[in-house]
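**Student:** Sequence:
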Amino acid sequence: MLLKTKLIVWDETPMTHVHAFLAVDRLLQDLTKCKEQLGGKVILLGGDFRQVLPVTLRGSRTLTVASSLKKHALWLKFHKLYLTKNMRSLESERDFGAWLLDIGEKESGSTIQLPLQCYSSIQDPIHQLYSDIDFSSVTPQELKDQALLTVNNERSMVINNKVLEFMPGNEIVYKSVVMIMSEDPQDQLAFPEEFLNSLTPTGLLPYELKLKIGCIIMLLRNLAPSTGLWNGTRLIVTKLQQNII
Numbered sequence: 001m002l003l004k005t006k007l008i009v010w011d012e013t014p015m016t017h018v019h020a021f022l023a024v025d026r027l028l029q030d031l032t033k034c035k036e037q038l039g040g041k042v043i044l045l046g047g048d049f050r051q052v053l054p055v056t057l058r059g060s061r062t063l064t065v066a067s068s069l070k071k072h073a074l075w076l077k078f079h080k081l082y083l084t085k086n087m088r089s090l091e092s093e094r095d096f097g098a099w100l101l102d103i104g105e106k107e108s109g110s111t112i113q114l115p116l117q118c119y120s121s122i123q124d125p126i127h128q129l130y131s132d133i134d135f136s137s138v139t140p141q142e143l144k145d146q147a148l149l150t151v152n153n154e155r156s157m158v159i160n161n162k163v164l165e166f167m168p169g170n171e172i173v174y175k176s177v178v179m180i181m182s183e184d185p186q187d188q189l190a191f192p193e194e195f196l197n198s199l200t201p202t203g204l205l206p207y208e209l210k211l212k213i214g215c216i217i218m219l220l221r222n223l224a225p226s227t228g229l230w231n232g233t234r235l236i237v238t239k240l241q242q243n244i245i
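If you read the sequence shown in our numbering, its first letter stands for residue 1, the second for the next number, and so on.
Honestly, the hints are just simulated from the structure, not real lab data.
Please note: incorrect hints may appear among the correct ones.
Quick list of simulated restraints, FRET-style, between CB atoms [to be verified]:
| # | residue 1 | residue 2 | range |
| --- | --- | --- | --- |
| 1 | 217 | 72 | 23 to 29 Å |
| 2 | 107 | 201 | 37 to 43 Å |
| 3 | 240 | 141 | 18 to 24 Å |
25 Å max Cα-Cα, derived DMTMM-like pairs, lysine to aspartate or glutamate [to be verified]:
| # | residue 1 | residue 2 |
| --- | --- | --- |
| 4 | 162 | 134 |
| 5 | 239 | 105 |
| 6 | 175 | 142 |
| 7 | 77 | 11 |
| 8 | 77 | 105 |
| 9 | 80 | 105 |
| 10 | 210 | 154 |
| 11 | 175 | 145 |
| 12 | 85 | 95 |
| 13 | 71 | 12 |
| 14 | 71 | 11 |
As the structure is a computational prediction, the values presented were derived from the model and not from experiment.
Glycine residues also receive a C-beta, built at the ideal position from the N, C-alpha and C atoms.
Build the full structure now, drawing on both the sequences and the hints.
**Tutor:** See below:
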């Protein structure tokens with residue numbers, strides 16, 4: 001199939017390690033028995049080098065940059081075409097697009113000032129996202145396609161509990177069991193139970209989990225991947241029992 005191929009389209013090339021391009025180069029030369037670059041095939045690369053560079057495991061900034069195709073001699077063999085006009089951008093968003101371009105070209109300096117439209121006059125994310133929803137009669141289907149992104153677990157719990165207050169029904173509180181697996185009394189003094197209960201580590205439940213029937217929860221374990229129950233699956237609470245949700 002590769003021998004008959006006239007054009008190869010390779011998207012998101014800035015994220016691809018240069019070794020992948022070199023491997024494809026050798027492969028095409030071997031298949032076509034042609035010593036020209038890439039076996040003489042026409043390859044169309046797409047992507048933006050202002051975005052994510054190739055991931056280099058435990059690599060420094062220098063190694064990450066060196067893994068980019070743009071830093072290899074093979075890059076000089078390509079004919080470059082540059083976007084001069086964004087046809088997909090609305091006329092009302094041209095200024096915002098130009099601002100993003102300035103950031104990519106480092107024209108804005110080391111300090112980035114967000115445009116005014118990025119600031120809301122009302123700093124209430126719940127009101128901004130759910131302003132058209134009546135929480136007294138809301139259904140899980142109305143909530144499942146909307147979510148708030150937060151920078152940490154502590155902030156997410158504040159927002160979750162606030163949304164929960166607007167939902168109808170009785171609130172059920174589940175508390176976790178925390179214990180120190182050490183016989184050294186000094187460890188127990190250094191980490192009192194109250195301190196451990198105040199922590200909200202990534203990937204673990206909080207000390208107090210407040211829920212209501214109909215609220216949205218997220219699975220944190222690969223419980224049954226074959227049936228779609230894996231880490232990150234969003235679920236709707238239909239029943240709350242003493243030890244089972």
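**Student:** For each hint, tell me whether it holds in the structure or not.
**Tutor:** How the hints compare with the structure:
{"no.": "1", "hint": "217 with 72: 23 to 29 Å", "result": "47 Å, violated"}
{"no.": "2", "hint": "107 with 201: 37 to 43 Å", "result": "40 Å, holds"}
{"no.": "3", "hint": "240 with 141: 18 to 24 Å", "result": "19 Å, holds"}
{"no.": "4", "hint": "162 with 134", "result": "14 Å, holds"}
{"no.": "5", "hint": "239 with 105", "result": "53 Å, violated"}
{"no.": "6", "hint": "175 with 142", "result": "28 Å, violated"}
{"no.": "7", "hint": "77 with 11", "result": "18 Å, holds"}
{"no.": "8", "hint": "77 with 105", "result": "23 Å, holds"}
{"no.": "9", "hint": "80 with 105", "result": "17 Å, holds"}
{"no.": "10", "hint": "210 with 154", "result": "14 Å, holds"}
{"no.": "11", "hint": "175 with 145", "result": "28 Å, violated"}
{"no.": "12", "hint": "85 with 95", "result": "13 Å, holds"}
{"no.": "13", "hint": "71 with 12", "result": "16 Å, holds"}
{"no.": "14", "hint": "71 with 11", "result": "18 Å, holds"}
Of the numbered hints given earlier, the model fails hints 1, 5, 6, 11; all others are met.
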